[in-house]
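> Got two chains here, separate frames each, mind docking them using the hints?
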Amino acid sequence: MQMNVRDALNSALDEEMTADSKVYLMGEEVGEYQGAYKVSKGLLQKFGPERVLDTPITEAGFTGIGVGSAFYGLKPIVEFMTFNFAMQAIDHIINSAAKTNYMSAGQISVPIVFRGPNGAAAGVAAQHSQCFAAWYGSCPGLKVLTPYSAEDARGLMKAAIRDPDPVVFLENELLYGESFPVSAEVLDPSFVLPIGKAKIERVGSDVTVTAFSKMVGYALKAAELLEKDGINVEVINLRSIRPLDRETINQSVRKTNRLVTVEEGWPQHGIGAEICMSVVEESFEYLDAPVERITGADVPMPYAANLERMAVPQIEDIVRAVKRACYRSASGK
Amino acid sequence: DSTPFTVDIAVPFKGHHIEPPPQVAETSPKELMSFFRDMSRMRRMEIAADQLYKSKLIRGFCHLYDGQEAVCIGMEAALTQQDNIITAYRDHCTYLGRGGTLPEVFSELMGRKDGCTLGKGGSMHFYKKENGFYGGHGIVGAQVPLGAGLAFAQKYEKVKAATFALYGDGAANQGQLFESLNIAALWDLPAVYVCENNHYGMGTAEWRAAKSPEYYKRGDYVPGLKVDGMDALAVKQAVKFAKDHAITKGPIMLEMDTYRYHGHSMSDPGSTYRTRDEISGVRQERDPIERIRKLILLKEIATVADLKNIEKEVKKEVEDAVAKAKESPQPDPSALFSNVYVKGYGSRAFGCDRKHSSAVLP
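Protein chains in written order, with the working numbering: chain W, 1 to 333; chain Z, 1001 to 1362.
So that you can see chain Z by itself, here it is in the shape it has in the complex (with noise of 0.2 Å):
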């Protein structure tokens, strides 16, 4: 059922030199199973790569993103593909949300052939190109110039779409975001500049990094919006608003008001710079999947036991896949060498010993 009907946004958008959007916005029966749904996918991927880095079949670095789904949803619920996504290193949910299969994200993960880059990258490093998503970068705060860049390049072939740039609250104190806003408002890019603050950079709390925390005004001259990030429908409806600002008027910051379940990174048991009252007071009041569920139950557009077999589906869809993914094999050792180049006009790259182990490039 895709008959439209308004909610109303609880937590009001605070506007920087800016009217903000109505509080109210528009959804479906079927948008809501299918919020509900994709959330709950990620969910449960996140907590299967949890236990999979755990059983130590994941290694190095794995940033998850259990809690901040709403972010996520929200934001391609409002976008198409022509508009682009870079973001930081916690991009699982990210690839997802663009497109990208359950079977692709837990092979890249356990460094198999079957990964959305052949193993290659690893948990930091997903993209999927042709729907618009650009990775999955792995230092703090690169990405943000590099979107501007993608947002460029959109303007430059009068692509009408935008670029949405993630960044996390310790990146927005990064120079080089700075930098590129500069120039991204200078030259009118449609670049979307969205901070995930989920409040913990690392382990710094924002007060402790940011002078200013209220990271929607950091943009000064440029013009900012706050948004309730565990609310997918506030977030749909600001990220709607954003892109149509960028694309007429140059770029604009939203900050999402998030919260991430996780610590940091599988390193981090998340408990010695916050409390776990805190963690499960934001589970209770905040979390973004419960919210959908009460929507969906109290506009009776399905039942608790509908609900409850959507998660038995997901977790089924999601044990599946990481049994798919276990069977991929590791990737071919020539793949050592490719793809270091587009063109690599037969040079030669060395392995380890190179008498024993060398390649030519194509």
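Pulled out of the complex, with its shape left as it was, chain W reads as follows (with noise of 0.2 Å):
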């Protein structure tokens, strides 16, 4: 059986939705247009406009009133059209949702989760091109997550819709329409994966590389290419930024002895710079070859195709850094 990440993502809506009546969408376009990329579809038909809700383009006034509704036990879904926009409110989601059940001792939890398109599309150049993993997966309070895969989008969806605390869901839109094999037990509506736990797409000995949405794809590839030249990748999908799942990096990390971190987002302060240095901390005599980065180039995104595939990670970028890390360089300086 196959599924898409939209439907896996609708589904996982539909079902929590239907379980929990706290539980409500808003955002610009979720309801009469269907969502801009869809993911919402037949949600209003279904639950009704007091449940889909349709909000003017106002980012901070609308965050602002699903915080508020969470501090009184609704469970908001906020969805960003893309989380570009979402910076209009970054105060809400950060200050006023992410810091309150610390300031408050517990006495007011933020049970919502603010998803939508995260990091680079394709031609839509540098404001609507940005990935904000490292910036949420910074902030103590937030839960960051980070789905590839249908069974990812479902099972993390529906962990987050649970989840009491604030949940930053950030999708991919180049993946909604990309289709995966999924089980009888991932369309179980009992069905949900757990916060904070990394998948390990791809067993390997050689070599561990990490990445998250869609670099875990080209990580895949990548690591298909490197069979044939004889090394043997472990391709880790990170699933969950904050918790970040230390131990299963370390573990593998201790296995392979080699690291390649991939993201699409900027290098200074990134995801693969936290990861690296975790490694470093816990299992640094494991390590037989300098820690590698492959991540977005580090500048606004480009408009012109030829300067936008530059500046987003390829699988070539990936084959070349992990024949680095093995040492296997003639090609791949």
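Everything labelled a hint here was simulated from the structure, so no lab data went into it.
Glycine residues also receive a C-beta, built at the ideal position from the N, C-alpha and C atoms.
Any given hint might turn out to be false.
[Stated by the list, open to error] DSBU-like, lysine-lysine: derived pairs with alpha carbons at most 35 Å apart:
hint, chain 1, residue 1, chain 2, residue 2
1, W, Lys22, Z, Lys1158
2, Z, Lys1120, Z, Lys1343
3, W, Lys199, Z, Lys1129
4, W, Lys199, Z, Lys1343
5, W, Lys38, W, Lys197
6, W, Lys22, Z, Lys1240
7, Z, Lys1249, W, Lys99
8, W, Lys99, Z, Lys1056
9, W, Lys99, Z, Lys1113
10, W, Lys22, Z, Lys1120
11, W, Lys22, Z, Lys1160
12, Z, Lys1343, W, Lys46
13, Z, Lys1014, W, Lys99
14, Z, Lys1054, Z, Lys1326
15, Z, Lys1056, W, Lys22
16, Z, Lys1308, W, Lys199
17, W, Lys255, Z, Lys1056
18, Z, Lys1299, W, Lys99
19, W, Lys41, Z, Lys1158
20, Z, Lys1326, Z, Lys1240
21, Z, Lys1129, W, Lys46
22, Z, Lys1158, W, Lys46
23, Z, Lys1129, W, Lys22
24, Z, Lys1308, W, Lys99
25, Z, Lys1355, W, Lys197
26, Z, Lys1308, Z, Lys1240
27, W, Lys99, Z, Lys1294
28, W, Lys197, Z, Lys1343
29, Z, Lys1343, W, Lys99
30, Z, Lys1343, W, Lys22
31, Z, Lys1343, W, Lys41
32, Z, Lys1054, W, Lys41
33, Z, Lys1249, W, Lys46
34, Z, Lys1249, W, Lys22
35, W, Lys199, Z, Lys1240
[Unchecked claim] Covered stretches of chain Z (in silico footprint by chain W; criterion: 3 or more residues with CB under 8 Å from a CB of chain W, positions within the stretch not fixed):
hint, region
36, 1124 to 1132
37, 1171 to 1179
38, 1309 to 1323
Set out below in structure tokens:
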């Protein structure tokens, strides 16, 4: 059985809204338009306008309203048409949502999900192409989830909605239409994935590659190519940026002794930097090679197709870095 | 004695797109005596906070409410605890009004274990959720859409009550206020936007920050009412009216014309941008406690000596609470890592030296 990521998200929203009347969805074009990317298709018809609310294009206003309703005990899902627009509301995500349980010493919890597409799309230039994983991932009080497959999308979305804390749920526009095999277990309404646990997508012995969201697919493709060169790659799908599954990452590196991190975001202070530091702290003596990182280029996203391609990690970038980490650098320098 | 009688409200309400309520408030000897006692307690509490700050027992920011007590007291007189209140950082008296206690206030201000948020929030972050008080917010204006969200939740849960979102004249120019007001009006949320106009956003006079300082009209398509915020009975009447409007018709804006005697915060002597004459003028002519004292004496509800006794009693209450709070220990070091999440899934939170200090989050 195959399912695409869009349908996986849609079914997760549908099931959790059916299960809990406190769950509601708000955002721009989520209702009558059926979702800018059709993730919320059919939900207005099924749950009505009290639970599927079209908002004006005013992120600070509607995000604040969502957070306030969560203070009271509702479980809002706030959709951002893309996470680029969430910067208009980032004060509410961090100062109002992430910190309130702490500041109130547990009096006011904030069970809310902020979701929408994150990272580079295609041909939309600098203001619409940015990865926010490192930004939100640095904030205590938030949980940050980054699904790759349909299984991830279903299981993590359901976990996010049921979670009592604020969750930033970073989707990827280019994955919405991608199909993945799903088991009967994944399709069961009771299916849920644990928050804070990475998934080993491909078992390997020579080098560990960490990735999240769309880059998991690239890492898997790179692993296939490297197999032909006799390099056996272990691919870790992070799934959860915060909490970060340091244990799974370090266990893998202790086995392979080499690490390459992959992300679409900018290099400085990125997810790769944090993972590298975690391995230096916990598994330094196991490393047989310097840690390598593949990231988005350190520039705002350009529009021209050739430049855009240079600014987003490609499979060949991962292949090259893995070879370097394995000292097979004749072609990978 | 709770026999009701009526009192004329001196300063006329001004309406915007709405017929103001009658210029008369119902009260009782019992209510007036409680107004006097509660406002005197608030006043004395803030003066004690000033002293504790100056003796360095309170750290960081500390914004005092003395002068504005009638807004808090009048509002509480018209609301139940099903109604929600959310405010900015000048929140000590609001907390007291919602049922908080003096020892909790002073302990929190001094960062002690028995504070209302166990010493983790400090002056700007008081909450009492079980009585409908949602804080205590430090980012100017951000509490207003949060308040609209509380109103959204009341409507969603079919609770016949309203949310009062308080903000100052400084926050009245914030963009997110208008964003959320638009949504509150579109969705008919039971939200009351309460501008506590104390005439200075920090040190900037209202007319230097607002092209139109007629804050009750700033909702444009949302009705508004201007109220003498130094008159607890006017506030009570207006809040009763606004609550009913919000539940039946949707959002409304109240402008409370009030005044803070202290500076913006403890680092502001409050005298560079306004004159001492202005402050003493308000104290002499419009003080909210003196107004109630006069009314009590006029109606012969109590004597001058009775009221002096009450003031002595609350002074003692405050002194005892300060002494009790001083006895409260600092929070346990383990509190550093508590309440980061409701559910931490066994993840690890790190201290400054992670090899030396960290905790597993339950």
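> It remains to establish, for every hint, whether it holds in the given structure.
Going through the hints against the structure:
1. Lys22/W - Lys1158/Z: holds (12 Å)
2. Lys1120/Z - Lys1343/Z: At roughly 19 Å apart (the allowed maximum being 35 Å), Lys1343/Z and Lys1120/Z satisfy the hint.
3. Lys199/W - Lys1129/Z: Violated: Lys199/W and Lys1129/Z sit about 39 Å apart, past 35 Å.
4. Lys199/W - Lys1343/Z: holds (21 Å)
5. Lys38/W - Lys197/W: holds (28 Å)
6. Lys22/W - Lys1240/Z: holds (29 Å)
7. Lys1249/Z - Lys99/W: Answer holds: Lys1249/Z to Lys99/W is near 33 Å, not above 35 Å.
8. Lys99/W - Lys1056/Z: Between Lys99/W and Lys1056/Z the Cα gap is close to 26 Å, so the pair holds against 35 Å.
9. Lys99/W - Lys1113/Z: Holds, at roughly 19 Å.
10. Lys22/W - Lys1120/Z: Holds - the C-alpha atoms of Lys1120/Z and Lys22/W are around 29 Å apart, at most 35 Å.
11. Lys22/W - Lys1160/Z: holds (17 Å)
12. Lys1343/Z - Lys46/W: This hinted pair holds, its Cα atoms lying about 31 Å apart.
13. Lys1014/Z - Lys99/W: Roughly 39 Å between the alpha carbons, so the hint for Lys1014/Z and Lys99/W is violated.
14. Lys1054/Z - Lys1326/Z: Judged against 35 Å, a Cα distance of about 15 Å means the pair holds.
15. Lys1056/Z - Lys22/W: Violated, at roughly 46 Å.
16. Lys1308/Z - Lys199/W: violated (71 Å)
17. Lys255/W - Lys1056/Z: Not OK: Lys255/W and Lys1056/Z at ~55 Å, beyond 35 Å, violated.
18. Lys1299/Z - Lys99/W: Not satisfied, since the Cα-Cα distance of roughly 49 Å exceeds 35 Å.
19. Lys41/W - Lys1158/Z: It holds: about 27 Å lies between the C-alpha atoms, which stays within 35 Å.
20. Lys1326/Z - Lys1240/Z: Measuring from Cα to Cα gives roughly 39 Å; hence the hint is violated.
21. Lys1129/Z - Lys46/W: holds (33 Å)
22. Lys1158/Z - Lys46/W: holds (20 Å)
23. Lys1129/Z - Lys22/W: The hint holds at about 18 Å.
24. Lys1308/Z - Lys99/W: violated (44 Å)
25. Lys1355/Z - Lys197/W: holds (22 Å)
26. Lys1308/Z - Lys1240/Z: holds (31 Å)
27. Lys99/W - Lys1294/Z: Distance ~45 Å between Lys99/W and Lys1294/Z Cα, so the pair is violated.
28. Lys197/W - Lys1343/Z: Roughly 14 Å between the alpha carbons, so the hint for Lys197/W and Lys1343/Z holds.
29. Lys1343/Z - Lys99/W: Holds. Lys1343/Z to Lys99/W sits at ~14 Å (cutoff 35 Å).
30. Lys1343/Z - Lys22/W: Distance ~19 Å between Lys1343/Z and Lys22/W Cα, so the pair holds.
31. Lys1343/Z - Lys41/W: holds (31 Å)
32. Lys1054/Z - Lys41/W: Judged against 35 Å, a Cα distance of about 60 Å means the pair is violated.
33. Lys1249/Z - Lys46/W: holds (28 Å)
34. Lys1249/Z - Lys22/W: With a Cα-Cα distance of about 24 Å, the restraint between Lys1249/Z and Lys22/W holds, given a limit of 35 Å.
35. Lys199/W - Lys1240/Z: Violated, at roughly 57 Å.
36. 1124 to 1132: Coverage by chain W holds for the region 1124 to 1132 of chain Z (4 residues, Cβ < 8 Å).
37. 1171 to 1179: With 4 residues close enough to chain W, the hint holds.
38. 1309 to 1323: n = 0 at 8 Å, threshold three: violated.
Of the numbered hints listed earlier, those contradicted by the structure are 3, 13, 15, 16, 17, 18, 20, 24, 27, 32, 35 and 38.
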